[in-house]
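Just so you know, the sequences run in chain order F and R.
Add 207 to the 1-based position in the first sequence for the working numbering, that's all there is to it.
Add 207 to the 1-based position in the second sequence for the working numbering, that's all there is to it.
Since the hints were derived computationally from the structure, they do not count as laboratory data.
Only true hints are included.
With a Cα cut of at most 30 Å, we get these calculated DSS-like pairs of lysine-lysine:
#1 Lys456(R) with Lys444(F)
#2 Lys320(F) with Lys416(R)
#3 Lys423(F) with Lys399(R)
#4 Lys327(R) with Lys423(F)
#5 Lys389(R) with Lys454(F)
#6 Lys365(F) with Lys454(R)
#7 Lys399(R) with Lys454(R)
#8 Lys365(R) with Lys454(F)
#9 Lys320(R) with Lys432(F)
#10 Lys428(F) with Lys306(R)
#11 Lys423(R) with Lys225(F)
#12 Lys444(R) with Lys362(F)
#13 Lys444(F) with Lys399(R)
#14 Lys365(F) with Lys456(R)
#15 Lys327(R) with Lys327(F)
#16 Lys444(F) with Lys362(R)
#17 Lys456(F) with Lys454(R)
#18 Lys349(F) with Lys399(R)
Protein chains: 2
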Amino acid sequence: MINVVFLGFGNVNSHLFKTLHKSKEVTVKQVFNRNYIKIISPFEKISFTDDISKLEQADVYIIGIPDDAISSFSESLSFQNELVVHTSGGVSMDALSNKNRRGIFYPIQTFSKERGLDFKNIPICIEAENSKDLELLLRVGKTISENVVEISSEKRAKLHLAAVFVNNFTNHLYQIGSEILKEEDLPFDLLKPLISETASKIETLSPEKAQTGPAKRNDIKTIEKHLHLLGDSSYRKFYELFTEELKQKYGKKL
Amino acid sequence: MINVVFLGFGNVNSHLFKTLHKSKEVTVKQVFNRNYIKIISPFEKISFTDDISKLEQADVYIIGIPDDAISSFSESLSFQNELVVHTSGGVSMDALSNKNRRGIFYPIQTFSKERGLDFKNIPICIEAENSKDLELLLRVGKTISENVVEISSEKRAKLHLAAVFVNNFTNHLYQIGSEILKEEDLPFDLLKPLISETASKIETLSPEKAQTGPAKRNDIKTIEKHLHLLGDSSYRKFYELFTEELKQKYGKKL
Numbered sequence: 208m209i210n211v212v213f214l215g216f217g218n219v220n221s222h223l224f225k226t227l228h229k230s231k232e233v234t235v236k237q238v239f240n241r242n243y244i245k246i247i248s249p250f251e252k253i254s255f256t257d258d259i260s261k262l263e264q265a266d267v268y269i270i271g272i273p274d275d276a277i278s279s280f281s282e283s284l285s286f287q288n289e290l291v292v293h294t295s296g297g298v299s300m301d302a303l304s305n306k307n308r309r310g311i312f313y314p315i316q317t318f319s320k321e322r323g324l325d326f327k328n329i330p331i332c333i334e335a336e337n338s339k340d341l342e343l344l345l346r347v348g349k350t351i352s353e354n355v356v357e358i359s360s361e362k363r364a365k366l367h368l369a370a371v372f373v374n375n376f377t378n379h380l381y382q383i384g385s386e387i388l389k390e391e392d393l394p395f396d397l398l399k400p401l402i403s404e405t406a407s408k409i410e411t412l413s414p415e416k417a418q419t420g421p422a423k424r425n426d427i428k429t430i431e432k433h434l435h436l437l438g439d440s441s442y443r444k445f446y447e448l449f450t451e452e453l454k455q456k457y458g459k460k461l
Numbered sequence: 208m209i210n211v212v213f214l215g216f217g218n219v220n221s222h223l224f225k226t227l228h229k230s231k232e233v234t235v236k237q238v239f240n241r242n243y244i245k246i247i248s249p250f251e252k253i254s255f256t257d258d259i260s261k262l263e264q265a266d267v268y269i270i271g272i273p274d275d276a277i278s279s280f281s282e283s284l285s286f287q288n289e290l291v292v293h294t295s296g297g298v299s300m301d302a303l304s305n306k307n308r309r310g311i312f313y314p315i316q317t318f319s320k321e322r323g324l325d326f327k328n329i330p331i332c333i334e335a336e337n338s339k340d341l342e343l344l345l346r347v348g349k350t351i352s353e354n355v356v357e358i359s360s361e362k363r364a365k366l367h368l369a370a371v372f373v374n375n376f377t378n379h380l381y382q383i384g385s386e387i388l389k390e391e392d393l394p395f396d397l398l399k400p401l402i403s404e405t406a407s408k409i410e411t412l413s414p415e416k417a418q419t420g421p422a423k424r425n426d427i428k429t430i431e432k433h434l435h436l437l438g439d440s441s442y443r444k445f446y447e448l449f450t451e452e453l454k455q456k457y458g459k460k461l
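Chain F extracted, bound-state conformation (with noise of 0.2 Å):
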């Protein structure tokens, strides 16, 4: 059995905690957070402090707590010579500090607390300073994931950089389509069966194969129509950024 405790309790640590909670090779012994959080039924016997010097003993500790914040927390631990990992996919391991044993724990995923989450096609990045913590971290992963893979520091970095650009960039063209309908009083439901699809599409076809529209195609007027409706509107550097990047990468000439 596989002794977790907690340390910090937002989105990744919550997710994790539910999910670590219902494995057979795993015991949550312990959530640690700065403020008293509720534990979401059926998970109250777990035990909760918000006393940082009264942590349990653990096989592994898991830091989620925001990513300025990891470097000074793990030098507050009062232990020693322990592993201790943290979930975040833009911090080096070395961020922790050396008293401890340090590694990483970080599932490739966007945690919200309004919904539920399967683990189980959830990459999760492992990193350890020895051969004996990356074992475990791996045994802790499989538990929950299918998908478990030891990726460097310097790798997770660049594979961090790309989910900003496919998840938090990705859903900034979310919100600039759905103000685009508000503008016209549609309803943003109109365009979710093409948002599923899009992503849905790249499961099977290389992004570059599923490109299609006006920009590679160089069809220039439907482009300029598209500039005039949108006027001086702070979208348009989006448009016209996206376009020519299309433009040139496709290279149709008419």
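Fit chain R to the given chain F structure using the hints.
Structure of chain R alone, referenced to chain F:
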């Protein structure tokens, strides 16, 4: 029974054809295409012509050809006063020749030859010059989709613009993500569950509520790290534009 003739057999019309062909209320009388096309079995018995002067009588003619060609093609039809519609999001109804009764039958979706599609959830935008034709297009639409809506050419132009943002531009962000990973020899598969969840999230959350990431949080350390990783890559422009907009929109001060 509603008789339909397809004019052109690109991605949209071939998908519409396959779906309408199954409908009990619709008979596909003929498919016209400038070049010979092989109609996939089990549809071999459909009458095909590449001779524009040999079009059969029908209740509605559905044009599915490149946007720029719609106008002159509709002018070249030899008959008059029939119902002729096109399937393009970005082209006004007025682009059709007024020698026939004009209309629109625009499914809001991205179509690829390689992927089958269920039309049930695909919104179909219809428009016509008179209520009888509108009624007929509504009947045709309802045989395949649960979401048929009357939308004016003006509003449809904006809808099409929004579709370009959430489909074409989003797909290009997927492309950028895949290229960043390729540079690190990491498989694009690592991002697929994230892409899928990003799209699924907005089924239940508004894009505004679903937004996460360093730009929204104004997490300067991570943003600077990302800009450093990007160097003078062509993706930098995208990163800067999205980050600036998100910072302004969500305006969280440090």
